[in-house]
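**Student:** Could you fit the two chains together into a complex? Lean on the hints.
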Amino acid sequence: KAGVTQTPRYLIKTRGQQVTLSCSPISGHRSVSWYQQTPGQGLQFLFEYFSETQRNKGNFPGRFSGRQFSNSRSEMNVSTLELGDSALYLCASSLRGPDTQYFGPGTRLTVL
Amino acid sequence: DQQVKQNSPSLSVQEGRISILNCDYTNSMFDYFLWYKKYPAEGPTFLISISSIKDKNEDGRFTVFLNKSAKHLSLHIVPSQPGDSAVYFCAAGVTGGGNKLTFGTGTQLKVEL
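Those protein sequence lines, which keep their order, are chains S and X.
My numbering applies: residue 1 is where the first sequence begins, and numbers increase by one.
My numbering applies: residue 1001 is where the second sequence begins, and numbers increase by one.
Bound-form chain X, shown alone (with noise of 0.2 angstroms):
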C-alpha cells in the first residue's frame, strides 16, 4: 500500500521555466511533508518542508503547495537550473512519530538548456 504517491517518473523542463512536481497521499494522519533531493551516489538531501497547519512555504526559487481536502502537495522550482536535476521524493510524516517518513518514489527532473 503505497500510502505516498508520485505518479510521474520523470519529468523534463527548460532552463529558466517552472518545473511542477507533485506528489499525492492517502494517511490522513501526516501532518507534514517533507521535499529531498537527491543526485546519484549521493544520500537524499533536504529541501523544503510544509505542515499541514499551512498551504504554502517558501525558500528561494522553491515554493511547496499543500492542498489537504486533496491530500496533494507540489513542489514549484522557479526558474529551473541545470543543477536542479536530479531525483526528487516526497515525504510525510506524522508529528510525534520521530523521524520515521514515508516517501514517495521520486521524480526524475531533467533541466534542459
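Excised from the complex, chain S in its bound form (with noise of 0.2 angstroms):
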C-alpha cells in the first residue's frame, strides 16, 4: 500500500509570494492533517480535514489555509509569505484516531 505523499519536496520562493503545497494520503484514509515544523518549535498542528471538512484548526494566521477534495487529497495554501514561514511541512493522514495517523516525507519551504 502507498504511503502519504507530498509534493513538492522541495521549495524555493521569495517573501511576499504565495505556495500551493498537496499531500495525498493512504488510500482509504479520509482524515488528512497539516503541520509545520521548525527548529526549537517541534511540530505546530496547523488544520485537519475531514471528509472535505475543516474539523480542527491551530493558531496561525489566515495566510495558512488549506482544502480537501472528494478523493481526500489535500491542499494547504500559504499567502504573502513571510520569511519565518520557511519550515518543514508535513501532512498525516489517518483511518481512525492519531494512534493511525501516517506522516509524509514533508515539504521544505525556504522562504528569501
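The set of hints was computed from the structure by calculation and includes no laboratory data.
Heads up, the beta-carbon is just placed ideally off N, CA and C, and yes, glycines get one too.
Be a bit skeptical, because a hint or two may be false.
[To be verified] Not everything, but these chain S residues come out facing chain X in the computed CB check (under 7 angstroms): (1) 15; (2) 42; (3) 43; (4) 52; (5) 53; (6) 54; (7) 60; (8) 86; (9) 90; (10) 94; (11) 98; (12) 104.
[What the hints assert, rightly or not] With a Cα cut of at most 25 angstroms, we get these calculated BS3-like pairs of lysine-lysine: (13) X:1110 with X:1100; (14) X:1100 with S:57; (15) X:1100 with X:1071; (16) X:1110 with X:1068; (17) X:1005 with X:1054; (18) X:1068 with X:1037; (19) X:1037 with X:1056; (20) S:57 with X:1005; (21) X:1038 with S:57.
**Tutor:** Take a look at the structure:
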C-alpha cells in the first residue's frame, strides 16, 4: 500500500509570494492533518480536514489555508510569504484516531 | 505557550542500556499521549501510545509511563539499539478532538556502540 505522498519535496520562494503544497493520503484515509515543523518549535498543528470539511484548526494566521477534495487529497496554501514561514510542512493521514496517523516525508519550504 | 515540553534536546546512551525520554505537559484536558520517532528526511512514525486511564503501556522494547498527578510521561527503551538513534517526539491530544495533536520539541537520541 502506497504511503502518504507530498509534493513538491522542496520549494524556494521569496517574501510576498504565495505557495500551494499538496498531500495525497493513504487510500481509504479520510482525515488529513497538516503540521509545521521549525527548529526549536517541534511540530505545530495547522489544521485537519475530514471528508472535505475542516474539523480542527491551530493557531496560525489567516494566511494559512487549506482544503480537501472529494478523493481526500488535500492542499494547503500560504499567501504573502514571510521569512518565518520557512519550515518543513508535514501532512498526515489517518483512518481512525491519531495512533493510526501516518506522516508523509514533508515539503521543505525556504522563503528568501 | 508550550503545552507539551521535552526539556532534554539530546540524550546519549550506550547500546544495550536503557534509554529514558521524558515529557511534561500543562494542559489537564489532554487524555491520551503518543510517542513518535523521526529519522532525517522522513516523516514521524507512530511508536506507542497511552490513555490517561492507564499508567503504563508496553510494546516490546518500548514502555510508556504516565504520571497524571505530575503531568509527566516517559518512554523507556530497553535494550537500546543503534537503530533507535532518532528524534523522539511526545504528543498529546483530547478525546473527541479529532486528530489534532500538540507536540513537544523533540529529543535527539543517540545510541552508541
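**Student:** Check each numbered hint against the structure and report the violated ones by number, ascending.
**Tutor:** Checked against the structure, the hints that fail are numbers 1, 4, 5, 6, 7, 8, 13, 16, while the rest are satisfied.
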